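Asks: From just these sequences and the hints, can you work out the full model?
Given next are the chains, with one letter for each unit.
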Amino acid sequence: MDYTLGQKELDSMEEILQKDLIDLGVHCVFLIDMAGNIIVNLDNGDIEHDIYSLAALAAGNFGAVSAMARIVGENEFSLLFHKGKKENIHFSKVMTDFLLVTIFGRETSLGFLRLKVAEAIKKIKVIL
Amino acid sequence: MAFVNLKKKEVQVKIVYYGPGRGGKTTNLEYIYKKFNARIKTEMVAIKTHGDRTLFFDFLPFDIGKIKGYDVKIQLYTVPGQVKYNATRRLVLRGVDGIVFVADSMKVRREKNLLSLKNLQENLSTYKKNIFKIPMVLQYNKIDLSEHGIPLLSPEILGKDLNTQLKAPSFEASALLGSNVVATLKKSISITMASLKKELK
Ligand SMILES: Nc1nc2c(ncn2[C@@H]2O[C@H](COP(=O)(O)OP(=O)(O)OP(=O)(O)O)[C@@H](O)[C@H]2O)c(=O)[nH]1
Ligand SMILES: [Mg+2]
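Protein chains in written order, with this note's numbering: chain U, 100 to 227; chain E, 133 to 333.
Worth flagging that the hints you see were computed from the coordinates, not collected in a lab. As the structure is a prediction and not an experimental result, all values here were calculated from the model. Careful, some of the hints might be misleading.
Claimed, not checked - Only some residues are given here: those of chain U computed to face chain E with a beta carbon under 7 Å:
| id | residue |
| --- | --- |
| 1 | T103 |
| 2 | L109 |
| 3 | M133 |
| 4 | N136 |
| 5 | D149 |
Where a beta carbon is used, it is the ideal one built from N, C-alpha and C, also for glycine.
Replies: Structure (structure tokens):
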């Protein structure tokens, strides 16, 4: 059940995430699978988060929230977002097995971010 | 479901410590964290209750260097052993590549070990994984307790209870004192990597 992504696919995904998210002010973005493996990660160069731990926690958190959704009779919660004083974190599912996590600051509005994330995901889906 | 990144030449491998509550899974990871402090650049993540029981999981990323030119990142997880946390236990198992089953050698825990192993088999099967095929190491933990006069199960009995069909490599260990903790981990990494090897061309 192992899977591999080649240089070409990873390059194109990085390009999409760079252009659609990082260049527009997002601090950090990573694409992970539901096991917590990191597929692509990018940041603006100013931050140094422990992304392996973040990925493990994000996958666990997403799994827990999905399980809660099912218990209350929802298929899925559509907005997964945590707001902080300086940093915010947003999760978005990519197909059934992947998760796109973005970390962004006050200068980016949630509406704008969601729009850009949706655009990026559309392009990434073609590659995965 | 190890992930192979051909661009960074990196492999991420997930090994999960499974077993009954209070068996010593978290203690294994804490020992590894202390022992290899220099090599582990991040903090160990532990989501636990006030009473130190694992609530969701512990997480420890562990770099083992290069194998065939690939940077191998081992991700160590523990599950919460308490029976009531099965939903989160199953989440942690998602995408698992190798299992370390930490059994409790205390006589009073005999039944708990059996139930936990059965539970592992059920949870793996929800991901269409077979307990007989997944790389697995057994650890018979807490053998140091015999010195304190606490009745323990012999490795023969534990083997008969848990390993008759599995025939997995097994170690008697003391996670608290650190004996055979590293041996258990090394064995698990080596058999897990062997089973993934065909992916590493
Ligand atoms: N004497 C002795 N005590 C141990 C050993 N390993 C763990 N313990 C003790 O057993 C208790 C439970 O250990 P944990 O590592 O928290 O157990 P766990 O398997 O993570 O438990 P859950 O998180 O509830 O599933 C702690 O008090 C440990 O100090 C051992 O090898 N010898
Ligand atoms: Mg624990």
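Asks: So which hints don't hold here, by number, going up?
Replies: Violated hints: none; all satisfied.
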